[in-house]
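*Asks:* Letter by letter, the chains look like this.
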Amino acid sequence: MMEQYACKYGGFLKCKNLFCEQGQILSEILHLCSDIIEKIGKGDTSQRIDLNIERYAVRRLIDCINRLSKEIEELINLNHELAIGICEHFDVLRRLQRGDFSARASEDSHVEMVKMLGQLINRQRERFLEYIDKLKEQHEDLVHAYEQQNAILSSVGVAICVVDEDMTIEFINEEAETLVGYSKKELEGKVKWTDFISEEFLNKMIEYHKLRRISPSLAPRQYEAKIKDRNGKTKDVLINVALIPYTKKSIVSIIDISERKKIQEQLIHSQKMESLGMLSSRIAHEFNNILSGVLGFAGLLEERIEDKNLNNYVKKIIEAAARARDISKKLLTFSRKEEIGQLQQLNLTQYIINFSEFIKPIIGRDIEIKLNLSEHEIHYKIDPTHLEVILMNLVTNARDAMPEGGEIKISLKETFIDLEYHYTHPLVTPGDYLVLCISDTGIGMDEETKKRIFEPFFTTKPKEKGTGLGLSTVFGLIKRYNGHIHVYSEAGKGTTFKIYLPQEKIKNSNSISIQKEKLKGNEAILIVDDELQIRQSVSSFLKEYGYEVYEAEDGKKAIKIFNENKEKIALCLIDLVLTGISGIEVMKQIKSINPHVKTIIMSGHPVDFKDIKSIDKSISFEEILLKIRNILDGKE
Amino acid sequence: MADKLLDYSGLKCPYPILKLSAQYPQFKEGEIIEVIADCPTFEKDIKAWCSKLGKTILNIEKQGNKIKVTIRI
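Sequence order for the protein chains is A and B.
Heads up: the first sequence at position 155 corresponds to 154 in numbering that gives the first Met the number 0, and the numbers run straight through without jumps.
Heads up: the second sequence at position 3 corresponds to 2 in numbering that gives the first Met the number 0, and the numbers run straight through without jumps.
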């Protein structure tokens, strides 16, 4: 019977009355409750029991299940919202951490903590962004500062190099690139600064480097050294080193003082030659006076001594004294005190061609002479004797430098020396020059020899072969013409002498010749000078231009001549220094005789008298004549 | 064809999406993954998760009590 009316839920309830309808309903309700609880347990909280049962116990059960389902549903929803919120914020944080600042956390969660977490993340994100913006601004400022610093370092005009503690080059500017001949790429982080320092300075420099790291005051901040560039060229430099604060690096500024040193050397050399010139001149004068006596008296003795042996001794004295006089003469040439001979407008091109033909047999067959002359002929106003002495000395020196034969090159050209050259060679004034160049392929010379080569009595030749006056004579002669001589030499390779002669003189003579007609006149002029040579040369020059000339060797005679010819004499040319009455006094007395007469005071050096016309005797005759003409014409 | 399959069967919600959140950063953006779970609330969770994190659901397939969701990361 039990099976026939079995409950469809499996007979959980022991109902004694098999036909009890209530029993069957209760059983179904309980099974329904079990199903719902099972579903809730699986997480399905959407289930509700919607039955209206009268029995209180059953109704209470159904209410409890429905309430439980609802509470669990709320808990599950909270749990899910919490989980989703955490997932979302986790993802936003992860993106922010990766630098994706477009990520924003939502702030709409019903769970307050999740909502606050979202707000916190967003605020943190904004703080980050503000911080990043500030960093960007600071970075931009730093970049600008860095660029400005780089611009300063690049345009400062001084080579700058930043070196690490181990001397590795970290930075160099453009000037430094030019100085050493390497690019930034080749140097920065790759090469040590010490690689460029000349060996003789290296130890000193490393010592300074170490001392500076102990205390900066222990090493000099600035010192001179030599560096070698890419081509192996040595450069004199002034180095200035300072440590960079908060680092172990140093900043090195390098100034190339090679040119400055060269200029200094030129000036020192010039001063030395000037002093030597003065000394030589004085000695030569003194010796000349003594030698005049020796030669004069020896000459008298030679005439009077008949004994052949004794006469022979006297001849030897005369010969020795004559040699000494010759040396004195050369010393005077060196010191530029020797009187200049007759200047001639020479065709230098032709002169050099002739000279090379003439010298060929003298220098020997194993030496070849090559000429390199400009196509057009070059003319120059020079004493031919001087030119011969210059060429002869330089060519014979070249020959002596090539005992095993070689080649001598003589070149002649015109050039213009500009201001740029003048800056590096301040003793050479800008202008037109002709350049005479004599090169050999001989043994050359070292730096020390080169420095002293023009000094009188300096020679590298054996005692009997050279007096040491050849090149000093050449030097003196070149200076006489306001020229310059430079020597370039390398041991084992050869030597080149470059002579620069200013061409101004040619232009002057041309300009004067144009005005020649204007210089002529027929007035009477009185010349007062106690130096016969000057008086006669000025006199003959004036006569050549048509003037009538009176001469007086002192003031007394001058006043007498003027008195006798006061109506005729239009101008008096009076030397400032006269024996007896002074030139100024002579002028005053002449003026008292005829106040209208024109007067000019001559002096050995430029002077400036108030209200008195004066001229410098060292100027050319043409210029003296021009001055006379202008004064006679009332132009001055 | 998915690049990766993540099987969260047997895990109750919200564990599947918590695990997915921890694992998905290993995938590249644009990659396609399949996630399987058998929790009845998973579908709701995965939809909310995709919506919040900006991922695209390509397909939802129910196989018995299991659900397979295809997502583009």
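Worth flagging that the hints you see were computed from the coordinates, not collected in a lab.
Just so we're clear, the structure is a prediction, and the values are computed from it rather than from any experiment.
Incorrect hints may appear among the rest.
As the list claims (entries may be wrong) - Below are the DSS-like pairs computed for lysine-lysine, each with C-alpha atoms no more than 30 Å apart in a straight line: (1) Lys-69/A x Lys-11/B; (2) Lys-460/A x Lys-450/A; (3) Lys-41/A x Lys-27/B; (4) Lys-41/A x Lys-3/B.
As the list claims (entries may be wrong) - Now the stretches of chain A that chain B is said to cover, found in silico as 3 or more residues with beta-carbon under 8 Å: (5) 36 to 44; (6) 529 to 538.
Heads up, the beta-carbon is just placed ideally off N, CA and C, and yes, glycines get one too.
*Asks:* Straight-line Cα separation of Lys-460/A and Lys-450/A no greater than 30 Å?
*Replies:* holds, 16 Å
*Asks:* Going straight from one Cα to the other, do Lys-69/A and Lys-11/B come out at no more than 30 Å?
*Replies:* This hinted pair holds, its Cα atoms lying about 19 Å apart.
*Asks:* Compare the distance between the alpha carbons of Lys-41/A and Lys-27/B with 30 Å, and conclude whether the hinted pair is satisfied.
*Replies:* violated, 34 Å
*Asks:* Quick check: the segment 529 to 538 of chain A, covered by chain B? Criterion 3+ residues, Cβ under 8 Å.
*Replies:* violated (count 0)
*Asks:* Between Lys-41/A and Lys-3/B, is the straight-line Cα distance small enough, at 30 Å or below?
*Replies:* holds, 28 Å
*Asks:* Test coverage of the segment 36 to 44 of chain A by chain B using CB-CB distances below 8 Å; three residues minimum.
*Replies:* holds (count 3)
Checked against the numbered hints above, the structure violates hints 3 and 6; every other hint is satisfied.
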